[in-house]
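Q: Sequence:
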Amino acid sequence: MMEWLGETGVFLGENPVLLLFAVIALGFLLGEVRFPGGLRFGVAAVLFVGLGAGYLWPETVFPPVIAPLGLALLVYCLGLQAGPGFLRSFRSDGLVLSLCLLASLAVLVGGCLFLVFALGAPPALATGMFAGISTNTASLGAAGEAAHQLGADADAVNQIILGYALHYPIGVMATLLVLHVLATRFPPRDEAPRDGGGPPVPQTYEVERTAPDGSPWTGASLAEACELALSRYEDAEGQIDFVHPETVLAPGCRVVAIARPAGHRKMEALVGRVSDTPLQVRWEGFEKARFFVSRKEVVGIPLRELRLDERGIVISRIRRGDVELPVAVDTRLQLGDRVRAVIRSGQESNVARIFGNSLTTSTESGYMSFVVGIVAGMALGLVPLPVPFLESPLRLGVAGGALLAGLVLGARGRTGPLVWHLPITVNLTLRQTGLLFFLAGAGLQAGAGLEAALPHAEAVWVLWGIGLMILSHAVFLGFAAVAFGGRTGLLLGALSAMQTQPGALVFSLSRASAHSVNSAYAAIYPLALILKILLAQLLVLAI
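Start counting the sequence shown at 6; every next residue gets the next number (my numbering).
These are calculated hints, taken from the structure and not from any lab test.
It is possible that some hints are incorrect.
[Stated by the list, open to error] Pairwise CB distance ranges, derived in the manner of DEER restraints:
| # | residue 1 | residue 2 | range |
| --- | --- | --- | --- |
| 1 | ARG316 | THR282 | 25 to 35 Å |
| 2 | GLY490 | VAL70 | 46 to 56 Å |
| 3 | ARG214 | HIS185 | 23 to 33 Å |
| 4 | SER350 | VAL253 | 50 to 60 Å |
| 5 | ALA384 | GLY490 | 40 to 50 Å |
| 6 | GLY156 | THR189 | 41 to 51 Å |
| 7 | GLY156 | VAL206 | 58 to 68 Å |
| 8 | GLU315 | ARG287 | 21 to 31 Å |
| 9 | VAL279 | THR215 | 44 to 54 Å |
| 10 | LEU433 | PHE191 | 24 to 34 Å |
| 11 | VAL70 | VAL377 | 48 to 58 Å |
| 12 | GLU315 | PRO221 | 51 to 61 Å |
| 13 | PRO21 | LEU387 | 43 to 53 Å |
For each residue, glycine too, the CB sits at the ideal point set by N, CA and C.
Take the sequences, apply the hints, and build the full model.
A: Shown next as structure tokens:
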């Protein structure tokens, strides 16, 4: 057996690419194994397989560039996606949930510092404990890179990875257990959307009232007042046409509005009642069609500036990934979006040219801007930043630089001809690829030093880690329950976001309404992701 392992190690050492994908493949298989309660490790199992392979064949030379490459792809793509919604997370319920998140993470970081300075826990192990308890792989990469910058040896970096590996399964299991207890003891009820949620739907209204100043509504003023999209209208003489920004919607006409529930409530309050004869079912001279957005010229620009109505196009739906987005005058299209448009009959081919409507082009576009963004992130990561009490300056490194570049460029959307956003399918693919490369590379490198790191992993520190996790969960749920008592669906989504754990989100969606869970998850996920990456680096500096 030992002879076979030795020969296998030599063979894999001579074929590092084969070793990389073998670890990923075996990790996928292990990640699909379901434990009692439906628990599975998912892609995180790739790290465990990598640790095992590195431990069995410590002499194997693996390209050290793989892990940083994967980390850069992962963090940059996360930043691109989180950038547009980062500032929006501080609105309404998101602000309160953000404060709950800050309190929980403060407890977690403070607990790690207490273990190191008061109880003598190994500093590197405590840093890995933070990343593992919070089930955040990106923070693990950030901590390891920060340790490298400070001149830490390979043993210290291996301890960080070991601390993560020991506490990640505990983090996943504890989170699912808390979610299960919460959903069982306080069954979610149907919660009415408080932010106008729900998919956009069309509705025909009888225009019975003028604007508050006494003037007739126009297409632009009504769309802005009710925060919705207007499709077509029928005047008093029965003529049907598109609603343009300057279209006068005087009392006596009928208009089709596409909105979420909150928008429809505003329409009834400001304009008039719902019509008994829906205009949206009449299509003489019009048709509806779906198009892929693959033409960069229409991306990242507010819809009001595109003036699509002048070309006989009214966008009624925008689908990005699996999410239906509201349509408003300031909505910006992204590559890969699928739009549903109302157009004049016979104009489908002309409209298709406006949006591009090419799935191939959609998936191929944006790579130039992607490379420029990655280069910008790497450059930011190399900039020396003076820090008090440190002899040498600190650098953001791969994780910090790529995250900052992704957030800024993702929030900006486009700069001249460069469209920073990637189609959502491309973003998810690159992110998953980066995650797999990072986990496999980090596991293989750390596995070689696992024997030296294991003596530091005393059971007492694992028990302390469990206690810290319980305390951080209790703080978060305690504050959130006071602010949102009875809204179990919101609490499930918020806790899943606090853990930045997609598996927890899937579990929560199986127990509560999709709207309440998704809205809470989206409200604090970007902030939770960013804070964990930054706090992991600061934790390395502090201890």
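Q: For SER350 and VAL253, compare the CB-CB distance with the range 50 to 60 Å and indicate the outcome.
A: Given about 25 Å between the Cβ atoms, the range is violated.
Q: The hint says 21 to 31 Å between GLU315 and ARG287; measuring C-beta to C-beta, is that right?
A: holds, 23 Å
Q: Using the beta carbons of GLY156 and VAL206, state whether their distance is inside 58 to 68 Å or not.
A: The hinted range 58 to 68 Å holds for GLY156 and VAL206, with Cβ atoms some 59 Å apart.
Q: Taking 40 to 50 Å as the stated bounds, is the beta-carbon spacing between ALA384 and GLY490 within them?
A: holds, 48 Å
Q: When you take the CB atoms of ARG214 and HIS185, is the distance between them in 23 to 33 Å?
A: About 50 Å separates the Cβ atoms of ARG214 and HIS185, which means 23 to 33 Å is violated.
Q: Could you check the hint for me, namely that LEU433 and PHE191 are 24 to 34 Å apart, CB to CB?
A: holds, 33 Å
Q: Between PRO21 and LEU387, does the C-beta distance stay in 43 to 53 Å?
A: Distance hint for PRO21, LEU387 is violated at roughly 27 Å.
Q: Evaluate the given range 44 to 54 Å for the C-beta pair formed by VAL279 and THR215.
A: The hinted range 44 to 54 Å is violated for VAL279 and THR215, with Cβ atoms some 19 Å apart.
Q: Take the C-beta atom of GLU315 and the C-beta atom of PRO221, compute their distance, and say whether it sits inside 51 to 61 Å.
A: Given about 21 Å between the Cβ atoms, the range is violated.
Q: Is it true that the C-beta distance of VAL70 to VAL377 lies inside 48 to 58 Å, as the hint says?
A: violated, 20 Å
Q: Do GLY156 and THR189 keep their Cβ atoms within the hinted range of 41 to 51 Å?
A: Since GLY156 and THR189 have Cβ atoms about 49 Å apart, the given range 41 to 51 Å holds.
Q: Is 25 to 35 Å right for how far apart the beta carbons of ARG316 and THR282 are?
A: Because 29 Å falls inside the window, the suggested range holds.
Going through the hint list in order, the structure does not satisfy hints 3, 4, 9, 11, 12 and 13.
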